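> Combine the two chains into a complex, taking the hints into account.
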Amino acid sequence: MTAPALADRPPERRPWRWRQASILPGFPLAFGITLAWVSAIVLFPLTALALRPWELGLDGVWRVLTDERVVAALRLSFGLSALAAAINAPLGLLIAWTLVRFQFPGRRLLDAMVDLPFALPTAVAGIALTTLYAPTGLFGWLAAKVGIKTAYSPLGIFIALLFIGLPFVVRQVQPLLMDFDQEVEEAALTLGASPRQRFWRVMLPALAPALFSGVSLAFARAVGEYGSVIFIAGNVPLHSEIAPLLIVTKLEEYDYAGASLIGLIMVAISFGALMTISRVQAMVDVARGL
Amino acid sequence: MGAVRLPGFAPLMLAVVVGAIGVLIVAPLAVVFIVAFSKGVPAYVAALKDPDAQAAIGLTLLVASISVPLNAVFGLAAAWSIAKFEFPGRRVLLAIIDLPFSMSPVVSGLVWVLLFGAQGWFGPFLADHDIKIIFDTSGIVLATITVTLPFVARELIPLMQDQGSDEEAAAVTLGAGGFTVFRKVTLPNVKWALLYGVLLCNARAMGEFGAVSVVSGKVSGLSNTLPLHIEALYNDFDFVGAFSAASLLAGLGLVTLVIKTVLEWRYSGELSAGRRR
Numbered sequence: 001m002t003a004p005a006l007a008d009r010p011p012e013r014r015p016w017r018w019r020q021a022s023i024l025p026g027f028p029l030a031f032g033i034t035l036a037w038v039s040a041i042v043l044f045p046l047t048a049l050a051l052r053p054w055e056l057g058l059d060g061v062w063r064v065l066t067d068e069r070v071v072a073a074l075r076l077s078f079g080l081s082a083l084a085a086a087i088n089a090p091l092g093l094l095i096a097w098t099l100v101r102f103q104f105p106g107r108r109l110l111d112a113m114v115d116l117p118f119a120l121p122t123a124v125a126g127i128a129l130t131t132l133y134a135p136t137g138l139f140g141w142l143a144a145k146v147g148i149k150t151a152y153s154p155l156g157i158f159i160a161l162l163f164i165g166l167p168f169v170v171r172q173v174q175p176l177l178m179d180f181d182q183e184v185e186e187a188a189l190t191l192g193a194s195p196r197q198r199f200w201r202v203m204l205p206a207l208a209p210a211l212f213s214g215v216s217l218a219f220a221r222a223v224g225e226y227g228s229v230i231f232i233a234g235n236v237p238l239h240s241e242i243a244p245l246l247i248v249t250k251l252e253e254y255d256y257a258g259a260s261l262i263g264l265i266m267v268a269i270s271f272g273a274l275m276t277i278s279r280v281q282a283m284v285d286v287a288r289g290l
Numbered sequence: 001m002g003a004v005r006l007p008g009f010a011p012l013m014l015a016v017v018v019g020a021i022g023v024l025i026v027a028p029l030a031v032v033f034i035v036a037f038s039k040g041v042p043a044y045v046a047a048l049k050d051p052d053a054q055a056a057i058g059l060t061l062l063v064a065s066i067s068v069p070l071n072a073v074f075g076l077a078a079a080w081s082i083a084k085f086e087f088p089g090r091r092v093l094l095a096i097i098d099l100p101f102s103m104s105p106v107v108s109g110l111v112w113v114l115l116f117g118a119q120g121w122f123g124p125f126l127a128d129h130d131i132k133i134i135f136d137t138s139g140i141v142l143a144t145i146t147v148t149l150p151f152v153a154r155e156l157i158p159l160m161q162d163q164g165s166d167e168e169a170a171a172v173t174l175g176a177g178g179f180t181v182f183r184k185v186t187l188p189n190v191k192w193a194l195l196y197g198v199l200l201c202n203a204r205a206m207g208e209f210g211a212v213s214v215v216s217g218k219v220s221g222l223s224n225t226l227p228l229h230i231e232a233l234y235n236d237f238d239f240v241g242a243f244s245a246a247s248l249l250a251g252l253g254l255v256t257l258v259i260k261t262v263l264e265w266r267y268s269g270e271l272s273a274g275r276r277r
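Protein chains in written order, with our numbering: chain A, 1 to 290; chain B, 1 to 277.
Warning: the hint list may mix true and false statements.
Distance condition first, Cα-Cα at most 20 Å in a straight line; then the derived SDA-like pairs of lysine to any residue [claimed, not checked]:
(1) B/Lys84 to A/Leu24
(2) B/Lys39 to A/Thr136
(3) B/Lys184 to A/Leu24
(4) B/Lys39 to B/Val23
(5) B/Lys84 to A/Leu35
(6) B/Lys84 to A/Ala36
(7) B/Lys84 to A/Leu29
(8) A/Lys145 to B/Lys218
(9) B/Lys132 to A/Pro25
(10) B/Lys84 to A/Pro25
(11) B/Lys84 to A/Pro28
(12) B/Lys184 to A/Leu29
(13) B/Lys218 to A/Ala21
(14) B/Lys191 to B/Gly178
(15) B/Lys218 to A/Ala40
(16) A/Lys149 to B/Lys39
(17) B/Lys84 to A/Thr249
(18) B/Lys84 to A/Ala21
(19) B/Lys84 to A/Gly26
(20) B/Lys84 to A/Gln20
(21) B/Lys84 to A/Leu91
(22) B/Lys218 to A/Glu252
(23) B/Lys132 to A/Glu252
(24) B/Lys218 to A/Thr249
Computed far set for chain B versus chain A, every beta-carbon distance over 10 Å [stated by the list, open to error]:
(25) Phe37
(26) Val41
(27) Ala43
(28) Leu48
(29) Lys49
(30) Asp50
(31) Pro51
(32) Lys84
(33) Glu86
(34) Ala95
(35) Asp130
(36) Asp136
(37) Ala169
(38) Ser223
(39) Glu231
(40) Thr261
No lab work stands behind these hints, which were simulated from the structure alone. Since this is a predicted model, take the numbers as computed values, not measurements. Note that CB positions come from ideal geometry on N, CA and C, so glycine has one too.
The following block holds chain B by itself, in its conformation from the complex (with noise of 0.2 Å):
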């Protein structure tokens, strides 16, 4: 494709793009690993192996590791019942799924505030009753959920519509069990957008900072996640380590993103049609 037209023009379009994507993408990537590493290997080390650090580390990786597979459970119970079956009220089904798209993420974690904060709807029942939920990790769990919940949805969703039904009526009329046409028809067809789902829920879920930093109760070592493990180090001025723990999270994106990548030339036509490259 492409015939170059414009021979004298194409240099000049091609230094502003790649000027542009310089300075505005590339530049405060470098940035992250220059800092945190500017005072030398010991001292990353050292940042990535402080109490606190290893404890917003867990807390990462202990929500992540409860909203993701949450939600890509529901992903596919969505999908099924959106793509393969005709009901009413799927159009108005979809533009709830995704609402949290269009919510700004402190809105995502306000929501959870209003029902069970100190102030919430439900906030004197649970301090009677001695249950915490904003300030803890279920609030965590429960805004980091909200936040990603249509990532897997998304990925399914077109592409199940795209595919039809066909193969698992059929494998029905063999007489397959539904959970069998599932596991043996339906899964192995959108497996690579399953992973791509995933991995985007999880991306987001790890890094979420927004919606977490409003329910958390920010103490260090206890109800730090990554993201706001590196906020209060960046506040304090310590700036080798909030990079050095920022490092961590660059290098998750840029993981998800070469996988990604990958996904979308490798599998392309086994990917939603928004992803087709």
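With the rest of the complex left out, here is chain A (with noise of 0.2 Å):
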């Protein structure tokens, strides 16, 4: 607080504030609706997410860790997030370069369409890729022809959390790449880079933050994703629960403190993996001159 917020008062007479002096009227009231919205529908309630699995001592709290489902969910949950998030890198890296570069017939429709994951409700889309990847489905009788189960298996959870993925990577690298600047990329022509080294050394650097962000963020989706998946899943224990249906398992023997631990960690995970883009975001944004 060493700048005069206002020049016409001098520093020294103007007693010491926390906000800032400011013109406009209306803080206190949308300051306080915000803080008191946010307290009750967030903090709150996360306070008891956070202080209910001590109920179960630290011996407790160690046993739900080592609990050999509860880890096989966790397990299974972050390793089909990741895995899905890295197959989306590329493929979504393709779709953005494709709608950026290419004018195309349908060019716009098949914009919008990536956006669709987004827009059908979770549920939706769960029992919609169930009946497509089901054995009596047209892909999951495809695939049952060359020996491959898709619902039903880890496999139909994966591909599930491929769909709900792969808008976040093509909508955090188009932006980026319609930006970019052609003429550097024709500057690596000119000087004879070939298509690899144009795109290794020249595009995905510039891409690489974008990228990084957009797989983050289907990541952090994929973890904590229900609806999509439940249908798919099976649901066999050790096999193919992922952690946020053993959350409501615990829920429904009202093993609230094991439920709630399982969701602490997931929280605490997916909230770093966001902190951790936000920064890479502020990065974005100055690389876009925002």
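In structure tokens:
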């Protein structure tokens, strides 16, 4: 609070204020509403999430953390989310690149379709994907012909996570790709760079922060995903049971402490991932000149 | 833009992209409508006229009509305080507003059970006073509000930060009162972003499944929202019924998507930077 907010007010006469002086009215009201709402809807309930696991005592917490069903569910959720995000990276990059660089009839329609996984409610996506990939569905039947079980297996979960994660990657990369100076690429071309060099040495480094944040967003979303996964998953403990489903199961058994412990772990990891992104996002914004 | 420099390569890439989007994204959408109408239009209409379906639609509309306006008011208040004023802790506040994005929907429902469920902190108190929150509409509303809390705020904050407060300051200097400034200066400046946020917030509120499934008693015709009604029918192998109800939500999603895309094209400059095309 060193710089005086209003030039005509000498700083030494200004009493200390928590907030910098402003001519605009309404701060107490707006800030009051914000703080009250955030406390009631987010902070207070999350306090319960943070405190309730410790009712089990330290050994109780340890028992839950080492329980093979919990470990298997967390490993499945985080592992498949990472895998789906990793596959969505090149796929999303390819889609974004095609949408930005090529002119073809129906491009805008294709572009709008990328957002469909955002627009379809998760339960709707869940039953639709299951119908498609069940042995009686078109894709499930085709896969069964070559001996692959899609629905009711971890592969089914993976497909659902691929579906919900794809738009995150495309939408993060696309704006940066649109702003990307083609002259830079052309310069590389005239200097004799091969297509491969132009991709790895020129384009990818410029897109890396956006690609990273898209992948992280897809990952964070996939870890917590419930609706689009549970129908297709099969939900066999130790094999195809995702962490959010295990929370529901524990709640149904009135094991509130166990449920909140799994929830707390998931929130901590996703929040960490999203905090990392907001740092990277700042770099992206700088790169875009925003 | 975009001279295609690799003519031999381009059709192949385009084919891969169209194939991926078709298989991964369009096929599931198509399935919704194909199954919904697989037994003809009368069966579709009958499925939607079913009393349980009607009750589910009613509950979904009720829940959205409570949660969305509340979160819109919150979004405006949060944006006004964060974008127009300087105070320490703004970044922390922003991170807290974003928190529901990093929570599994199931966790957003779970936290309310931890507070108000039978074994919750306030469970015994509520039971003594005969108040029901979990397994009741109020629980569904709370869970929905939690999930959709950031939507409006996240559209308004970056935009209002970009716009600064010069116009508002000028209005105040000319003698306008606080509410007049807000109504005549700020609101017209952010109206498209507000609509954008409300639209996304509403779509999510009506389609929310995970959070709501934790706090709802799942009684057909009473405490089932549309997504829960879909689940119940699907698990009963009533596929036409499930997909008929699903087609309503898919339709809502499509309408939302169309309006959102139009806003992005037409009012690009009046949306937050991340939405500009």
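> Hints first: check each against the structure and report whether it holds.
Consistency of the hints with the structure:
At most 20 Å may separate the alpha-carbon atoms for a hinted pair to count; B/Lys84 and A/Leu24 meet this at roughly 8 Å. With a C-alpha separation of about 17 Å, the suggested pairing of B/Lys39 with A/Thr136 holds against the 20 Å cut-off. For a cut-off of 20 Å, the pair hint linking B/Lys184 to A/Leu24 stands: about 14 Å separates their Cα positions. About 24 Å separates the Cα atoms of B/Lys39 and B/Val23, which puts this hinted pair outside 20 Å; it is violated.
A hinted pair counts as satisfied when its Cα atoms are at most 20 Å apart, and B/Lys84 with A/Leu35 qualifies at roughly 16 Å. Between B/Lys84 and A/Ala36 the alpha-carbon distance is near 19 Å, which keeps this suggested pair within the 20 Å criterion. Distance hint between B/Lys84 and A/Leu29 is fulfilled; the C-alpha atoms sit about 13 Å from each other, no more than 20 Å. The suggested pairing of A/Lys145 with B/Lys218 is violated, with an alpha-carbon distance near 38 Å, which exceeds 20 Å.
About 40 Å separates the Cα atoms of B/Lys132 and A/Pro25, which puts this hinted pair outside 20 Å; it is violated. Restraint check for B/Lys84 and A/Pro25: the C-alpha separation of about 10 Å stays at or below 20 Å, so the hint holds. For the proposed pair B/Lys84 and A/Pro28, the alpha carbon gap of about 12 Å is at most 20 Å, so the pair holds. Taking the CA atoms of B/Lys184 and A/Leu29, the gap is about 18 Å. The hint holds against a cut of 20 Å.
For the hint pairing B/Lys218 with A/Ala21, the CA-to-CA distance comes to about 51 Å; that exceeds 20 Å, so the pair is violated. Taking the CA atoms of B/Lys191 and B/Gly178, the gap is near 18 Å; set against the 20 Å cutoff, the hint holds. With a C-alpha separation of about 25 Å, the suggested pair B/Lys218 and A/Ala40 falls outside the 20 Å cut-off, and the hint is violated. For the given pair, A/Lys149 sits about 28 Å from B/Lys39 by alpha-carbon distance, which is inconsistent with the 20 Å threshold.
Straight-line distance between C-alpha atoms of B/Lys84 and A/Thr249 comes to about 45 Å, which puts the hinted pair past the 20 Å bound. Restraint check for B/Lys84 and A/Ala21: satisfied, since their Cα atoms lie roughly 11 Å apart, inside the 20 Å limit. The hinted pair formed by B/Lys84 and A/Gly26 meets the criterion: a straight-line CA distance of about 10 Å does not exceed 20 Å. Between B/Lys84 and A/Gln20, the direct Cα distance comes to roughly 11 Å. Compliance with the 20 Å bound is thereby established for this hinted pair.
A C-alpha spacing of about 40 Å is found between B/Lys84 and A/Leu91, which places the hinted pair above 20 Å, so the restraint is violated. Between B/Lys218 and A/Glu252 the CA atoms are separated by roughly 13 Å; this keeps the pair inside 20 Å, and the hint holds. Only pairs whose Cα atoms come within 20 Å are accepted, and B/Lys132 paired with A/Glu252 is accepted, the gap being roughly 18 Å. Taken as a hint, the B/Lys218 and A/Thr249 pair is honoured in the structure, with Cα atoms around 15 Å apart against an allowance of 20 Å.
Once the 10 Å rule is applied to beta carbons, B/Phe37 is consistent with being away from chain A; the minimum gap is 14 Å. Every beta carbon of chain A lies more than 10 Å from that of B/Val41, the smallest distance being close to 20 Å; the non-interface claim holds. Listed as a non-interface residue, B/Ala43 keeps its Cβ farther than 10 Å from every Cβ of chain A; the least gap is roughly 17 Å. For B/Leu48, the requirement that its beta carbon stay farther than 10 Å from each beta carbon of chain A is met, with the minimum near 15 Å.
Against the 10 Å criterion, B/Lys49 stays outside the reach of chain A, whose nearest CB is about 20 Å from its own CB. Under the 10 Å C-beta cut-off, the non-interface status given to B/Asp50 relative to chain A holds; the minimum distance is some 17 Å. Interface exclusion of B/Pro51 from chain A stands, the closest Cβ pair being 20 Å apart, more than 10 Å. For B/Lys84, the requirement that its beta carbon stay farther than 10 Å from each beta carbon of chain A is not met, with the minimum near 5 Å.
A Cβ of chain A approaches the Cβ of B/Glu86 within 10 Å, the least distance being about 4 Å, so the stated non-interface status is violated. Not every CB of chain A lies more than 10 Å from the CB of B/Ala95, the least distance being 7 Å, so the non-interface label is violated. The Cβ of B/Asp130 sits about 21 Å from the closest Cβ of chain A, beyond the 10 Å cut-off, so the non-interface label holds. No beta-carbon of chain A comes within 10 Å of the beta-carbon of B/Asp136; the shortest separation is about 16 Å.
Consistency note on B/Ala169: stated as away from chain A, yet its beta-carbon is not over 10 Å from all of that chain's, at 5 Å minimum. The Cβ of B/Ser223 sits about 16 Å from the closest Cβ of chain A, beyond the 10 Å cut-off, so the non-interface label holds. A Cβ of chain A approaches the Cβ of B/Glu231 within 10 Å, the least distance being about 6 Å, so the stated non-interface status is violated. Look at B/Thr261: its CB is around 5 Å from the nearest CB on chain A, not clear of 10 Å, so calling it non-interface is violated.
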